[in-house]
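For this one, chain A is given, so just place chain B with the ligands on it according to the hints.
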Amino acid sequence: MGAQVDVGNESTSRVAAGATDHDGRSGHLALENVTKRFSDFVAVENLDLAIRSGEFISLLGPSGCGKTTTLRMLGGFEEPTSGRILLDGVEITGLPPYRRDINTVFQSYALFPHLDVWENIAYGLKRKKIASSEINTRAGEVVELVGLSQFTKRKPRELSGGQQQRVALARALVNRPKVLLLDEPLSALDVKLRKQMQLELKRIQRDVGVSFVFVTHDQEEAMTMSDRVAVMSKGRLEQVGSPQEIYSRPETEFVATFLGAANLLRGTFISSSAEFWKVKLANSSEILVPATGKRDGVEVIFGVRPEKISISKPGERRLADTTNRIAGRVSQAVFFGVASQYQVVLTDGTEVSVYQQNFADGVSHVAGEEVELCWQADAAFTL
Amino acid sequence: MTATAEIRPAGRVGRPERHQRYSEKSKRNRRRLTIIFLLLPGLLWLALFFVLPIVTLAMMSVSTGNVGQGWSVVGDLSSYQQAFSGYLPEFLHSLEFGVASTVLALLIAYPAAYWIAFYGGEKKTAYILVVLLPFYVSSLIRTISWQFVLADNGVIFGPLRRLGLLPSNFHVLATPVAVVGGLTYAQLPFMMLPIFAALERVDPGFLEASRDLYASRWETVRRIVVPLSMPGIFAGVLLTFISATGDYVNEILLGGTGTGVVGAVIRSQFLVNLDYPLASAISLVLMVALLIVVLAYSKALGTDDLMGGAAV
Ligand SMILES: Nc1ncnc2c1ncn2[C@@H]1O[C@H](COP(=O)(O)OP(=O)(O)O)[C@@H](O)[C@H]1O
Ligand SMILES: [Mg+2]
Numbered sequence: 041m042g043a044q045v046d047v048g049n050e051s052t053s054r055v056a057a058g059a060t061d062h063d064g065r066s067g068h069l070a071l072e073n074v075t076k077r078f079s080d081f082v083a084v085e086n087l088d089l090a091i092r093s094g095e096f097i098s099l100l101g102p103s104g105c106g107k108t109t110t111l112r113m114l115g116g117f118e119e120p121t122s123g124r125i126l127l128d129g130v131e132i133t134g135l136p137p138y139r140r141d142i143n144t145v146f147q148s149y150a151l152f153p154h155l156d157v158w159e160n161i162a163y164g165l166k167r168k169k170i171a172s173s174e175i176n177t178r179a180g181e182v183v184e185l186v187g188l189s190q191f192t193k194r195k196p197r198e199l200s201g202g203q204q205q206r207v208a209l210a211r212a213l214v215n216r217p218k219v220l221l222l223d224e225p226l227s228a229l230d231v232k233l234r235k236q237m238q239l240e241l242k243r244i245q246r247d248v249g250v251s252f253v254f255v256t257h258d259q260e261e262a263m264t265m266s267d268r269v270a271v272m273s274k275g276r277l278e279q280v281g282s283p284q285e286i287y288s289r290p291e292t293e294f295v296a297t298f299l300g301a302a303n304l305l306r307g308t309f310i311s312s313s314a315e316f317w318k319v320k321l322a323n324s325s326e327i328l329v330p331a332t333g334k335r336d337g338v339e340v341i342f343g344v345r346p347e348k349i350s351i352s353k354p355g356e357r358r359l360a361d362t363t364n365r366i367a368g369r370v371s372q373a374v375f376f377g378v379a380s381q382y383q384v385v386l387t388d389g390t391e392v393s394v395y396q397q398n399f400a401d402g403v404s405h406v407a408g409e410e411v412e413l414c415w416q417a418d419a420a421f422t423l
Numbered sequence: 603m604t605a606t607a608e609i610r611p612a613g614r615v616g617r618p619e620r621h622q623r624y625s626e627k628s629k630r631n632r633r634r635l636t637i638i639f640l641l642l643p644g645l646l647w648l649a650l651f652f653v654l655p656i657v658t659l660a661m662m663s664v665s666t667g668n669v670g671q672g673w674s675v676v677g678d679l680s681s682y683q684q685a686f687s688g689y690l691p692e693f694l695h696s697l698e699f700g701v702a703s704t705v706l707a708l709l710i711a712y713p714a715a716y717w718i719a720f721y722g723g724e725k726k727t728a729y730i731l732v733v734l735l736p737f738y739v740s741s742l743i744r745t746i747s748w749q750f751v752l753a754d755n756g757v758i759f760g761p762l763r764r765l766g767l768l769p770s771n772f773h774v775l776a777t778p779v780a781v782v783g784g785l786t787y788a789q790l791p792f793m794m795l796p797i798f799a800a801l802e803r804v805d806p807g808f809l810e811a812s813r814d815l816y817a818s819r820w821e822t823v824r825r826i827v828v829p830l831s832m833p834g835i836f837a838g839v840l841l842t843f844i845s846a847t848g849d850y851v852n853e854i855l856l857g858g859t860g861t862g863v864v865g866a867v868i869r870s871q872f873l874v875n876l877d878y879p880l881a882s883a884i885s886l887v888l889m890v891a892l893l894i895v896v897l898a899y900s901k902a903l904g905t906d907d908l909m910g911g912a913a914v
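Listed in order, the protein sequences are those of chains A and B.
The first sequence maps to residues 41 to 423 in this note's numbering.
The second sequence maps to residues 603 to 914 in this note's numbering.
Here chain A stands alone, though its shape is the one from the complex:
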């Protein structure tokens, strides 16, 4: 509680009007080499991650990769086995949850069932012994912010899933934490409501300017909502970056495939220029890949996402120097409305998957057809 400074009107307007002041903004959270072991099982290993003030960052990874454990260490519900956690430069590693300016929206919401919406929201402020007039203003503001004004007298069980989710959010935000932790808050909602809440959460985060650490196993959700995404696998941090970065320039095979479909191909290194490496595929066609990856000896592994490849009849296109072109034969064409997916077998037997928008009715190429695949050299990523 020590660092919680409450400056009545000024912070009131922060919730209402939104924080745009980049200077002096707090909520910078740093994990330094954090490891969490449960007996001999390593749940989180040597995690280094800096969360910037006011950013929306997602922890993304498959179930069991250590996202919740990481979040619980940030919230103070688990002690790291080793490593440090700093909030605005001050170490908070050993502090209990109520001594951190961090609040949590729990996965199951954990709304107190015997208290109504208003009492749930005011709970934290009352424990902090805030004056009741201020509790009323502040709780009133967040209730407004999350659109629950008509429901303040209801018990949690009388609310829909989406409304419960808003109460959980309001109950955390009303304390004006520097950082808000959210553990898969939307996973219990149906798809439509989920999309709506994604946008709304994002809006609220912008309005209040608090750093959000958002846990999800849904890559699409992470990409739509986040300023940055931290991809985790088996307790380790794989890559951190903006959604575009991690999607377009994944650094590991795990990141490449977890974020969406990717054709991973292998080739032998031939030569390099400033931007590209020339690589020979197994079918002896030569192509260019970005010169960004790690290269052990001569083998180069690179990837191209299916939507970055265009498919056409051989010789149909004029191509720039930096466009790769390889021949293949369609083995399968699947129509799914807005686009079609083509499986193309290269002459060496490698299978490549291609998405293409349906310009005409139905698929543009049929199984058995000889085709040419083209993509911009810089649209690929080298691992």
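Simulated from the structure, these hints should not be mistaken for lab results.
The hints are all genuine.
Calculated lysine to aspartate or glutamate pairs in the EDC-like style (CA-CA distance at most 20 Å, straight line): (1) A:K166 x B:E810; (2) A:K166 x B:E821; (3) A:K168 x B:E821; (4) A:K318 x A:D388.
Far from chain B by the CB rule (all over 12 Å, computed), these chain A residues: (5) D88; (6) Y287; (7) S288; (8) V403; (9) C414; (10) T422.
Among chain B residues calculated to face chain A with C-beta under 7 Å, some are: (11) F808; (12) A811; (13) L815; (14) Y816; (15) P829.
By construction, the Cβ of each residue, glycine as well, lies at the ideal position given by its N, Cα and C atoms.
Showing chain B with the ligands alone in chain A's frame:
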């Protein structure tokens, strides 16, 4: 019970519909029969072991006569007059002991149940079995052993007295303290088990949420855990209070002069004095008194609290 409500389709009834209506009706009859059969054992049980004894008791309480020549129901209320005028101290003792041992049992059982429920881990069941262990021994034996323990020259006070650490007029046995102690001890599992069951159902996530929202451990217990375990507290208090107030074994074995309880009076009027009408009248008065206390208690708690917030 809604099966007894007749819901007939309105309007004209064509042949296929009529056919359907008949089968609906027979289905409904069959369902009603099923319900009656299902309720039958319970109803019989209630009639046999609850209604019948009470009616007998009520009739006996207004009868005159004696064991040798039999009793006749004459509507004589003198037993009630006697019950109120002659045994008020015993009634009060019973209530005092009942309340005191219930409060004590609650204060002891709640923290223990709390600890087992939230910190017992995988050994929870083992801990509960340990709590119940002494209760595999007959209650009479247990109470008698308390006699030995609390006796002036027993295992505790004997040595202390010989060492001169106790004043000569120090007694525990044959005082209200011993009675309340014995009652508390005897009621402990009946207090603890329902509370434990209720605490087990409190999501530990609520405790974390409360700590996240700046509540101390104590505040979390007071504002979250206790309200949510209210159904268990309610059940435990009822069980303990009712049986402690009616108990006489502890008073007879551990009490002394001036600790008489109403249960002991009923027992001696029935078995020693053979004054059945008086014994019946006192029994009924005790029952009504308990009923009033219990109703007032559940009213004071309110339904919402009782349901742990699960009611409307
Ligand atoms: N209290 C615990 N004791 C033992 N193992 C745990 C505990 N909490 C989590 N784990 C293990 O740590 C791993 C990571 O769990 P978690 O952080 O919940 O994953 P995620 O949230 O990414 O699905 C899992 O394999 C889980 O079984
Ligand atoms: Mg999780």
